[in-house]
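The listed protein sequences correspond, in order, to chains A and B.
Here the first sequence is numbered in the working numbering, starting from 1 and rising by one per residue.
Here the second sequence is numbered in the working numbering, starting from 1 and rising by one per residue.
Be aware that one or more of the hints could be misleading.
[To be verified] Below, a list of computed lysine to any residue pairs in the SDA-like style, where the Cα atoms sit at most 20 Å apart: (1) B:Lys187 - B:Lys238; (2) A:Lys41 - B:Ile547; (3) B:Lys107 - B:Ser23; (4) A:Lys124 - B:Glu30; (5) B:Lys31 - B:Asp126; (6) A:Lys124 - B:Ser23.
These are calculated hints, taken from the structure and not from any lab test.
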Amino acid sequence: MVDVAVITGYGLNTDYESEEAFRLTGADPVRIHINDLISGKNSLENYQIMMVPGGFSYGDHLGSGKVLANKFRFNLRDDLKRFIEADKLIIGVCNGFQILVKMGILPALEGEYFSQSVTITYNKSGQFESRWVSMKANQTSPCIWTKNLITPLDAPVRHGEGQFIPMNEAILQKLWDRNLVVFTYDPNTYPNNPNGSTDGIAGICNESGLIFGMMPHPECHLIPQHHPQWARNNNPDTTGLVIFKNAVEYAKKNL
Amino acid sequence: MADVHRIEVGITQADGVKNAIKSDLGYSVEKVLAINVYTIEGGNLSSSELDFLAGEVFSDPIVEKFTIDSPLAEAFDGTVVEIGFKPGVTDNVGRTSKEAIKDALNKDVTGAYYSRQFLFYRTSEDVAEKIVRDLLANSLIERWVVKSGVEYMGFSPFIPKVILNTEPTVEEVNLNISDEQLIEMSKTRLLALNLEEMKALQTHYKNQKNIRLQKGLPANPTDIEIECIAQTWSEHCKHKIFNALIDYEEPGRSEQIDSIFKIYIRGSTEKINSPYLVSIFKDNAGVIQFDKDHIFSMKVETHNSPTALDPYGGALTGIVGCNRDPAGTGKGFKLIFNTDVFCFGSPFYEGEIPPRLFHPRRVLKGVHKGIIDGGNQSGIPTVNGSLYFDKRYLGKPLVFCGTGGIAPTRIANKLVHEKAPNPGDLAIMVGGRIGADGIHGATFSSLEINENSPNTAVQIGSPIVQKKMLDFLLEARDLDLLNAITDNGAGGLSSSLGEMGEEIGVQIDLEKAPLKYSGLLPWEILLSEAQERMSLAVSPENLKKLIELTVKHDVELTVIGKFNTTKHFQFYYNNRLIGEIPMEFLHNGVPQKKMKGIWSPKPEEEPIIPIPEDYNILLKKILTRLNICSKEEIVRRYDHEVQACTIVKPFMGVSNDGPSDAAVLKPVYTSWEGLSVSHGMCPRYSDIDTYAMAANSIDEAVRNAVCVGANPDFMAGLDNFSWAMGFTEEDEIYYTGLLVRANKAVYDVTTAYKVPCISGKDSMRNDYRIGNTSVSVPPTLLFSVVGKLPDVRKSITMDVKHEGDLVYVLGTTKNELGASEYFDELGHTGTKVPQVDTNTAYQRYRKLYAAIQDKLVISAHDCSDGGLGVALAESSFSGGIGMEIDLRKVPKDNISRDDFLLFSESASRIIVTISPDKKEEFEGIMAGTDFAQIGETKGLEIKITGLDGTNLIQSEIAELKQAWKGTFQFLGGKE
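Bound conformation, chain A alone:
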């Protein structure tokens, strides 16, 4: 059985549907409060996959994801390091993506973890965006989570801070050269690119492809009836479930 830790606490709020997503793949997901990891009541050691779901940790104060990222970084650095070194899988969605980026485990170029090289900040529109978007997956990406995702994936975004910005051109170039850009908004125009992200980047992974983050919510597209076009029979066949299935299949074979 593949054990999945879905992190909760401090305003994370898509933990239930994230748990459901993994449950539908046949894995054994558990919602775990970050403080249970910090206090030692539970340990990341017991899991093959960690998901940091979406939400509003600390109300986005001091920048989205920032304060919870620091909580991870200052309290669970060694646990995370061991988790990563054991080639286990991590996904961050929306606030979870912001957290992974701000604690510096994504993209962690050259394996340099806990050093921030990109950021996710306020939408160019200056406002919270709640709408469905369409994404194209990079077929050449090493990302485990998006294997064989040939068709576009639709999912909702719900964020005020989703604009992806790299520290500089060199970082951006490396992300492209190494195929670490996993998802781009397609078409790359507002409102389908809801936040003005550089190059329409919606999700990235690290060089091993095991650690992955994205702004849209695949855990909110698990059944056809989640899609806003379902009542018109105009929804695509691909749902977000494929992302969770890929990870669980990988964990079953390799971990």
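Knowing the structure of chain A, use the given hints to seat chain B on it.
Only chain B this time, still in chain A's reference frame:
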């Protein structure tokens, strides 16, 4: 200042502010930049620690710069302002900053405070001052400093700390005074009690004298007793008007009504007695059975008075406050959706704004931001709502917030909807700390707004503190650690513990209550409405486990008393008894209010309406009206689908922008059973008759639910009255008459439709008077409905779907243009307000439900504001397919004009499309009701043939849609 540091972080382009200055105030500012300022007090931070905090905690290394104890901005041609909170106002960012510092340095600082700095380029200090006052800050809760940019050298730190030098004392309140003095006391102490109620107090204390003296209490009440009683007896908590004995007269009859609530609302629910009712009118929210294993709970609240003072804080507190109702019902529900309905003055209002009021545009933006923050940050999807505009809401905006929750039927083999504290249980408070926030909130909302309104009435909620608390409470519930739970809303601890201990008695030790700052009086601690708090009854043996859970969830818990068998509410401070009220007197001692209500129909002439010249222009004009146009610019800012349960979202249709009639949720992941969430509201109909206003509101809410496929025989309603009482005795008689009329409709329509009310709320005094300006809101009933769907896969949306489908109208269109959008557009009210024929409507709804279950229906859309013309246009352009319609085929009664037929708002009508091959089957099911096929879907235009057979309307749907979406474009983030 010693041991105080300022960290400034930025600099960001504040284009949103720049655009708002232009659109709302009319000033062109060349450039606006924003800087975040964190002021840190105490902790003896070293310069390396400060560097670490600024770099690793407060700034984003990729996009931000920072300075420590020096200004980030250099001198420039313009004006710089800094806005921070006044002492005692909730500073959510400051609170997070303090926690973040602790995480980073493992060190506590005394305080951390947030302020915002703006740089206005090429702007004078006068203009900057005006921008701050009229757009960016609220003087009730914020302070600011304006400086010239030219010689700018930074700001000195300011610590907004509350310092109260009062010693906690208890005052005796002398009631041995004249009637005039009693009335005066009620006013000056903000008790909001009338003479009869003051005299009931007087008599009670006279009778209790000996018992009190024996216990060491003064014969007169202490301040804490009188404050507790006044708040428990407030209109807000006791619904004295809904429970009043009313002498009612209308032409040809008079009657005495012993409680509107008992007769018309509870009376209706008892008569209907639906099998799915679980717990009604006795808890914080009503409870019904959802499926075998789950119960559902819902509450809708108003938060009008606080919103008038601070639109952002009022709305934010409104939504997170309403969340605590289902969360505090039974042993607690998991919250699954929010709804919100606002009534405002026009955002395009150009007249004078009376003192102490905000421009409706500012109210709208503030409320909007409050709901965005409150709903989104709580992780609860906003699935349904509306905005309604009328100039009379200028005096008091109405903000209705609703929340639904779901819970297992049983936990640990006990029914979750049942709760009761046992004698010996600990009385526990969890969540936020107590400050002077919101003291007198309950009594304040029972008074009209005037010059002396206390600014403690403003509170700002923290969705994140609450989210942590609600996560904690759900886990505690699942571990069966709670015997009872209730929220601290209006009246604070005095309400929550007073209600929980009503049957047995409770003692509260006020010195144990956790405070934000010292110096609060015991009665203030009891009454504070500081947010994010719940009260619990817990068996002593469960305390240890509960405390462990609070550590995990980072939630504060305090044992503040004990339930007992005294049947008294007992107040102790440092082990001294400072007050004691018999529960019986507290809860049942308030004398029944006696009122008079008179209603007579308004003698208004039916206006003479000229025949319109161009129906294409007319339809487009109607589509742009505030109460009809698209609200997408507002609603797109809310999260609609967190928790992954939303099946019919606020917007569906080919471009995801068609306005859904109701939301459909699938609250249990492993089941296809669903819930619809809808509402109805028709305030303008009150200008003719509040009976019709209420009847149409209920019909609209039910109809919206039917349109998405809910079962008309499995629905429940919530009634929210926002009324006015005016300023004189005659006003009160008049509005009471209107209230009785409305409630007669509630009884008649809910019993006819068999839709029981499960919960409700009233906000009775939405009047404004300062100086010579007085405004009262139109009597408003918001009726919300939840309905059951056996299978969400059979939900129906409002958009047409294929070319060649047949368009039907269900129901008859009558000459009922009174108070319609069409007449209002022309400046008339009229007399013939829509009447609800419940018998035919109920049959129609049941048959449509059967047709939907048989998969015969492709789309269904409610026909309401703006009538057939608007409903047809919306269905058509939302589906991206035109229509050809022949008005001659519309079932009608006493109408001979095209404009009346198009824009009459007759009740209970629905536009439906079906596939041509289902025609016979569909018509077979609908047989026996009024309906007709009036056209078909075709092309990209709406073509409507008039009664004389000529072409009345021929408009491209894209053009109509553009008009309909244009009204609120000014709110968009883009320039």
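Given hint Ser23 (chain B) paired with Lys107 (chain B) - CA-CA distance at most 20 Å: violated (46 Å)
Pair hint Lys124 (chain A) and Ser23 (chain B), alpha-carbon separation not exceeding 20 Å: holds (19 Å)
Holds or violated: Lys31 (chain B) to Asp126 (chain B), with C-alpha atoms at most 20 Å apart: It holds: about 17 Å lies between the C-alpha atoms, which stays within 20 Å.
Holds or violated: Lys41 (chain A) to Ile547 (chain B), with C-alpha atoms at most 20 Å apart: The hint holds at about 15 Å.
Pair hint outcome, Lys124 (chain A) versus Glu30 (chain B) [Cα-Cα no greater than 20 Å]: holds (19 Å)
20 Å Cα cutoff - pair Lys187 (chain B), Lys238 (chain B): It holds: about 19 Å lies between the C-alpha atoms, which stays within 20 Å.
Going through the hint list in order, the structure does not satisfy hint 3, though it satisfies all others.
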